[in-house]
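For reference, the chains in residue letters:
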Amino acid sequence: MKPINPHVLTPTMVRIKEAADMTGHERFFRLRLPRPLGHRPGQFVMVSVPGIGEAPISICCGPGDHDRLELLVRSAGSLTMVLQRLETGDQMGIRGPFGTGFDLADFEGRDVLFVAGGLGLAPLRSLIEPLILDRQRFGRITIISGCRTPAEELFGREMRTWARAPGIRVIRLVNDTAHLPWDGEVGLVTAPIAGLDMDPAATLAVLCGPPVMYKFVIMELAARGLAHDRIFIDLERRMRCGIGKCGHCQINHLTCCQDGPVFRLSSVESLPEALA
Amino acid sequence: MKNVLLRPRISFFDMAGCEGCQLAILDCEDIFLELVDLVEIVEFREAMSETAPRFDIAFVEGSIHREIDADRLRDIRARSRWLVALGGCACHGNVQARANGWSPAENLQRVHGLDTVHRVQTDNRYWPLWAHTRVRALHEVVKVDYLLRGCPVDRDEFLHLVKRLLAGSRPGFAAQPVCVECRRHGHECVFLHGETCLGQVTWGGCGAVCIAGGYRCDGCRGLLPNANLASHRQLLRERGLDPKTIDQRYRLFLSGEITAQDAPDEQ
Amino acid sequence: MMMNKNLVMNKDYLVPLLRKLAKTHRLVAPVRNEYGDTLFTIITDLDRTEIDLDHQPQASLKPYFFPQTDTLCRYVIDCDPATGAMDYSFHVQLPQNRPTVYVGVRSCDMFAVMYTDMVFLHEHERDVYYKQRRDNAIFITIACNTPFDNCFCNATRSGPFLESGFDLQLTDLGDRWFVETGRARGAGLTEDWACFFRPADEADKRAQFQAELEARGRFKQLVHVDLASKLLAEDKVPESIFRDLSSRCQDCGGCAFICPTCTCFNITDQPRDEAGGERVRSWDACTFSGFTAMAGGHNSVDVETGRIRRRFLHKLQYDVDRHGRPSCVGCGRCVGMCFGGVDMIRFISMISEAGENGAEAGE
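Protein chains in written order, with the numbering used here: chain A, 1 to 276; chain B, 1 to 267; chain C, 1 to 363.
Quick caveat, the hints were computed from the structure, so don't treat them as lab data. Don't take each hint at face value.
One-sided excerpt, in silico: chain A residues whose CB lies under 8 Å from chain B [unchecked claim]:
(1) I52
(2) S78
(3) V82
(4) R85
(5) I132
Computed from the model, here is a short list of chain A residues facing chain C with C-beta under 7 Å [unchecked claim]:
(6) L9
(7) T10
(8) P11
(9) M13
(10) I16
(11) K17
(12) A20
(13) P50
(14) G53
(15) A76
(16) I243
(17) H253
Heads up, the beta-carbon is just placed ideally off N, CA and C, and yes, glycines get one too.
Please put together the full structure from these sequences, using the hints given.
Following this line, the structure appears as structure tokens:
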């Protein structure tokens, strides 16, 4: 897969085809690329606004031979604050895709358990989409997605659609209903794991969320007998270059932008700062 | 890209300070003309006389000494979307905060003599002028959104802040010492020719202008959040400074931020 | 593989040779400036500049290949005055590719260039900006007969004499230079300017061998680099050492900036005017407290001790895992740079001592 620009540190400006607020501080963008990105699920792009700067954003649409790029941006830093104000027809700079991402072949014939905390659902969506499109190639899919309140839920309507596909179970949770109407469950993402109908020998788990979530979800999965090389985690780090040179995302001898951001738990669990 | 704020209204206010920061901004005419294109200046005593009920960015210069100043600051805060502390006095109390080490009466005696103390203590008219207990930085009275450090402020930082706010972003100032500035600009370390310097513990962003001009850093931009004072004090001791001199150096600009433990020896 | 040729050049011939090379190449060599600092300098007038081969240059060659601030691309903002519509675009900005001869490069600095080649040219993505500057570079290195006070390149196996990497390596034999050719470009150079060289005879070779042996005996620092890497790999380094070093670090970034093999950088936008600006990369240091902090404020590295740990482990452990050798080249510059004594020699001696004590305690 080739980067969108042969000069890998120079962004290409891309028009926004569609922009919409998903929650109060997350905005969804659909871009039309000059040519298909050819990305793998779990990869990310560096998004720029000229004069402001650059930040890594996970790709949240499935792979394929299409020129569509979907991103979900949370307002967190100086750049993502500006991105919240971009509208249809505006431009943003893109470079990438970067990272290794997921290999769909790993998931063939397996049951897959997704655990997403908050914004963690965005990168996982890039893997959930192809798994749902090609149902017979993969086993049962369970999606556990949690957020703080119903107002902060991401891709709610889509998750309801996914739930209607065969062999898919979607568990939507909030920590607190905050007096809003809610048709899902209340609790933490760790709660449903103990009661899942799951064959640890045939299941792969994919986690994405805040660091504190990993610790507790991994404990629950270990209790269910899931080996650590069957657990994938998506690590978020400060990134500047995306090509493994700037040093910011380095975790011991690994660079998150080149060797990750998706890792098998077994390959990073011994590194002290990986899950911090 | 659109600006949510169309020509945001900005204003300048001064509390206790030398007004040098406002002059520093007025002084860089090239920048100022560019700025005038982008914003509407609605209150700026150094340059104009109008006043306005509300503004988007309020720059407040100077430290807070009297309660009426604190009230004025609360009023500005209520009228403004963003409040920016302009310059060292507003950010951390600057040189004035040095007065906090003594009672107001002691200070007055030191500066104006015992006779004056006796006179003003019996004259109500003088009360508000000296009967404050403490020199305060702005953030000790109201919420401050951004700090523009320095004595005076750095023009590039000022413009960066305004432009970032206009773009709907937020300004970013790296918490790095003045040493980083010297290294970036290739200035020789003053320690190498026998001088001592507070650069290691002071917020950078100034381009190390004092060192470039042949002087040292006295710390006007305030104490870094991760300043390693123990190690720095040790270094100054090794370079032959006695504890009292070190405390005086720390207390010149950093009194508002340094604790009694950081500079214990001076009375 | 081409055999290294051994030649001899009269000492007086170096400047005339450089004069010939300067016709087609830019010349960079250590020059002592008016303040008494020896620095690599671009030489425009060989007649009025004296090359200083007696002192260690205070900075390495790093800025010539990986400048402190380097423009990656320009961004341009076009505003249609009729509609007010904005159009943004990025345009790559490549540095000039200038054939340059680097003269008087010490072994450690040459070795550091070989290390940064590995980072920028051989790993994953090739860095065009580095490559642009690195192509057409000729290195005339100088072997160190007398190591400087803080040098320990014998322990990092990056000196005092090199086997490869250079184009020409010069050894001082008193009245003459012993010249070894390394890469093909160096060999070609000796053929193009054969009049300056004569083949080395047995006496020359013996003298050169003698100089190398004596140089190895002259190091003032005994630094156990391999032991340090071993102790780190075995996780036998007490946390208290990192705490102690962190308590003395003043966060100035001097060690990373002066280090010839530190290549971490940051990328920022620098607006020039309404019509655009530049995206630049500038040196960063892993010891800065905000180095790993993310937009939301989360930092996976402990600001208290993690920063110092990260720096030393990168040099002595992670790079051993990645590249098979530590990325410290033993130039000793960080020793002179740091006021807090947070340098490589201090660190290695601290952990070697702790390792010995640990071994004794375990017996």
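Hint by hint, here is what the structure shows:
1. I52: holds, 5 Å
2. S78: Holds - the Cβ of S78 of chain A comes within 8 Å of chain B, reaching about 5 Å at its closest.
3. V82: holds, 5 Å
4. R85: This interface hint holds because 5 Å falls under the 8 Å limit.
5. I132: It is violated, given that the least Cβ distance between I132 of chain A and chain B is near 36 Å, above 8 Å.
6. L9: holds, 5 Å
7. T10: T10 of chain A check passes; min Cβ-Cβ to chain C is 4 Å, inside 7 Å.
8. P11: holds, 5 Å
9. M13: holds, 5 Å
10. I16: violated, 12 Å
11. K17: Violated: closest Cβ of chain C sits about 16 Å from K17 of chain A, beyond 7 Å.
12. A20: violated, 21 Å
13. P50: holds, 4 Å
14. G53: This interface hint holds because 5 Å falls under the 7 Å limit.
15. A76: holds, 4 Å
16. I243: holds, 4 Å
17. H253: Since chain C brings a Cβ to about 4 Å from H253 of chain A, closer than 7 Å, the hint holds.
In summary, the numbered hints that this structure violates are 5, 10, 11 and 12.
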